[in-house]
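Peer 1: So the chains spell out like this:
There are 2 protein chains.
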Amino acid sequence: MPIKVLIVGYGNVGRMALQALRQAKDMELAGLASGSLSQTDKPPAELEGVSIKAAPEDFKGEADVAILCVPSRSVPEFAKRCLALGMNTVDSFDIHTDILDTKKRLDAAAKAAGRTAVLSAGWDPGSDSVVRALMMAMLPRGLSYTNFGPGMSMGHTVAVKAIEGVKNALSMTMPQGDGIHKRMVYVELEPGASLEDVAARIKADPYFVHDETHVIEVEDVAEVQDVGHGVHLVRQGSSGATHNQYVEFNMRINNPALTSQIMISCARACLRQEPGCYTMIEIPPVDYLPGDRDGWVKKLV
Amino acid sequence: MPIKVLIVGYGNVGRMALQALRQAKDMELAGLASGSLSQTDKPPAELEGVSIKAAPEDFKGEADVAILCVPSRSVPEFAKRCLALGMNTVDSFDIHTDILDTKKRLDAAAKAAGRTAVLSAGWDPGSDSVVRALMMAMLPRGLSYTNFGPGMSMGHTVAVKAIEGVKNALSMTMPQGDGIHKRMVYVELEPGASLEDVAARIKADPYFVHDETHVIEVEDVAEVQDVGHGVHLVRQGSSGATHNQYVEFNMRINNPALTSQIMISCARACLRQEPGCYTMIEIPPVDYLPGDRDGWVKKLV
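Line order of the protein sequences matches chains A and B.
Per the working numbering, the very first residue in the first sequence carries number 1011; after that it's consecutive.
Per the working numbering, the very first residue in the second sequence carries number 1011; after that it's consecutive.
Rather than coming from a laboratory, the hints here were simulated on the basis of the structure.
Mixed in with the good hints, there may be bad ones.
[What the hints assert, rightly or not] Pairs of lysine to aspartate or glutamate, EDC-like flavour, derived with a Cα cap of 16 Å:
hint, chain 1, residue 1, chain 2, residue 2
1, A, LYS1114, B, ASP1302
2, A, LYS1308, B, ASP1068
3, B, LYS1014, B, ASP1051
4, A, LYS1308, B, ASP1111
5, A, LYS1309, B, ASP1138
[To be verified] To spell it out: a stretch of chain B is covered by chain A in this simulated footprint if at least three of its residues, at any positions, have a beta carbon under 8 Å from a beta carbon of chain A; those stretches are:
hint, stretch
6, 1109-1123
7, 1127-1137
8, 1223-1235
9, 1285-1297
[Claimed, not checked] Some, not all, of what chain A presents toward chain B, calculated at C-beta under 7 Å:
hint, residue
10, MET1026
11, ALA1030
12, PRO1135
13, SER1137
14, VAL1140
15, LEU1205
16, HIS1242
17, VAL1244
18, GLN1246
19, SER1249
20, ALA1251
21, GLU1258
22, ARG1262
23, LEU1268
24, VAL1296
25, LYS1308
A quick note: this is a predicted structure, and the numbers were derived from the prediction, not measured.
Note that the Cβ used here is the ideal one computed from N, Cα and C, for glycine as well.
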């Protein structure tokens, strides 16, 4: 029986989750929950034949897993609603400081419903978290660094857009090594706004005040925007009493494509865990992969 | 209560497992099972105060986990004996083609004893296997390459030592990229042996016949030997329908130090799994780390 998947939300990640799901032979689409798309007469061409309704509640009994492609702030509410409907859930909640509290609340909701929630299933938090845990197991003492980019920071971009005088913006994260980042901020200005004033406001914002920040005016942000991203995770330290051990993980990726693929892989994993809420470091990696364990043990171990 | 660990075998890996265990605040040494050391009057200085007996059976009821630092060929027998004694086991069995069969046999033995066996817990198989599984979850379609070295290949070195005319040998694995390896073989010859003849025999051996192999005569193999090793895992492919995704994992490490550290980390994990036999891709990564999950979720996710 294929896994029946409901996609909730249809932004960048939702669109690519649909693509990833269509590549997964062990899954089928139950439908798309989207308030805005459920009201339009002309959904995008790729959604032809897809059942589009306003809310997860409209799919009660029709989905095994709900992939929550909604803003992080909305994740806890949607997760609780889907769990109560008897669906397992996967999200890519990325507010690092709230993960543990959110996990505790979703854990209670998941156990009450006898279902599983996979929390923060993207690449960071997500697959990077798994790599960091593995590196700690290999080199328990030492120093780790997570270097992001070059790539667009969603959080920083939203912060810039809220600043007076900014019409549109893009904040790029540029790795300077050892976990230090530079911010390259591209702005379209409102008529009459001064670049100097806007740059001063950006540099004084809590999101930017601690980092080297450069503000550059552009005519059209869309002309410089790209969803490519990367990370370089490094750990140097000791295994047992032996120093000079070095491990690193590096990637260059399309950001929403990887995020949504990881969510789809986690849709398998959530059906294989006991009820409760899990982050990716709490799940056996083989559970992300289709088919039976023995085949993967033979192929990967 | 600290985890009571028995070390079985005292070669390179056993010695470094003892060092790693002494760095682990949540563990204590139950003793060392070593046939040869149990018969000597002068064990090495670092073993002062350590209970040394001939066999695991001499430690019945005294250990939670047995770390099997014995040759791969002896692992299944020692694992079954230790499981029957009520100990959980960790090994770094590295005969890739026999892993699945060995897992099935140890799974039955572990379940019968109500204990857990962690199989093939080194760096390859082991942590590399976890990275490969994670990369598959991130990029389900594409090509993966495991590039080893530069570093000593135990298997190839043993094969050379068995060849006529060879007194001592070291076979180094040199990565050529894309999973292709070159073999650099350093040999001490028996008196009267010809380098030309020995080189021809090595190159005709099944271990070497498919790889570019160079044979170099040295006066003393000990002068060129080093336990440094490395790996470069690469996967290029697609997430969903999006191509050009690239991930890589790279390390430079002291080989027995990393192997033994991973075994010690797995000693924690085996106490946290249901009875049965597991490879590392089947274990939640957080289970390798000391202390409670919440702290690691907060720190790593």
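Peer 1: For every hint, state whether the structure bears it out.
Peer 2: Against the structure, the hints:
no. : hint                  : result
1   : A:LYS1114 - B:ASP1302 : holds (14 Å)
2   : A:LYS1308 - B:ASP1068 : violated (35 Å)
3   : B:LYS1014 - B:ASP1051 : violated (25 Å)
4   : A:LYS1308 - B:ASP1111 : holds (9 Å)
5   : A:LYS1309 - B:ASP1138 : holds (12 Å)
6   : 1109-1123             : holds (count 3)
7   : 1127-1137             : holds (count 4)
8   : 1223-1235             : violated (count 0)
9   : 1285-1297             : holds (count 8)
10  : MET1026               : holds (5 Å)
11  : ALA1030               : holds (3 Å)
12  : PRO1135               : holds (5 Å)
13  : SER1137               : holds (6 Å)
14  : VAL1140               : holds (6 Å)
15  : LEU1205               : violated (35 Å)
16  : HIS1242               : violated (10 Å)
17  : VAL1244               : violated (10 Å)
18  : GLN1246               : violated (10 Å)
19  : SER1249               : holds (4 Å)
20  : ALA1251               : holds (4 Å)
21  : GLU1258               : holds (5 Å)
22  : ARG1262               : holds (5 Å)
23  : LEU1268               : holds (5 Å)
24  : VAL1296               : holds (4 Å)
25  : LYS1308               : holds (5 Å)
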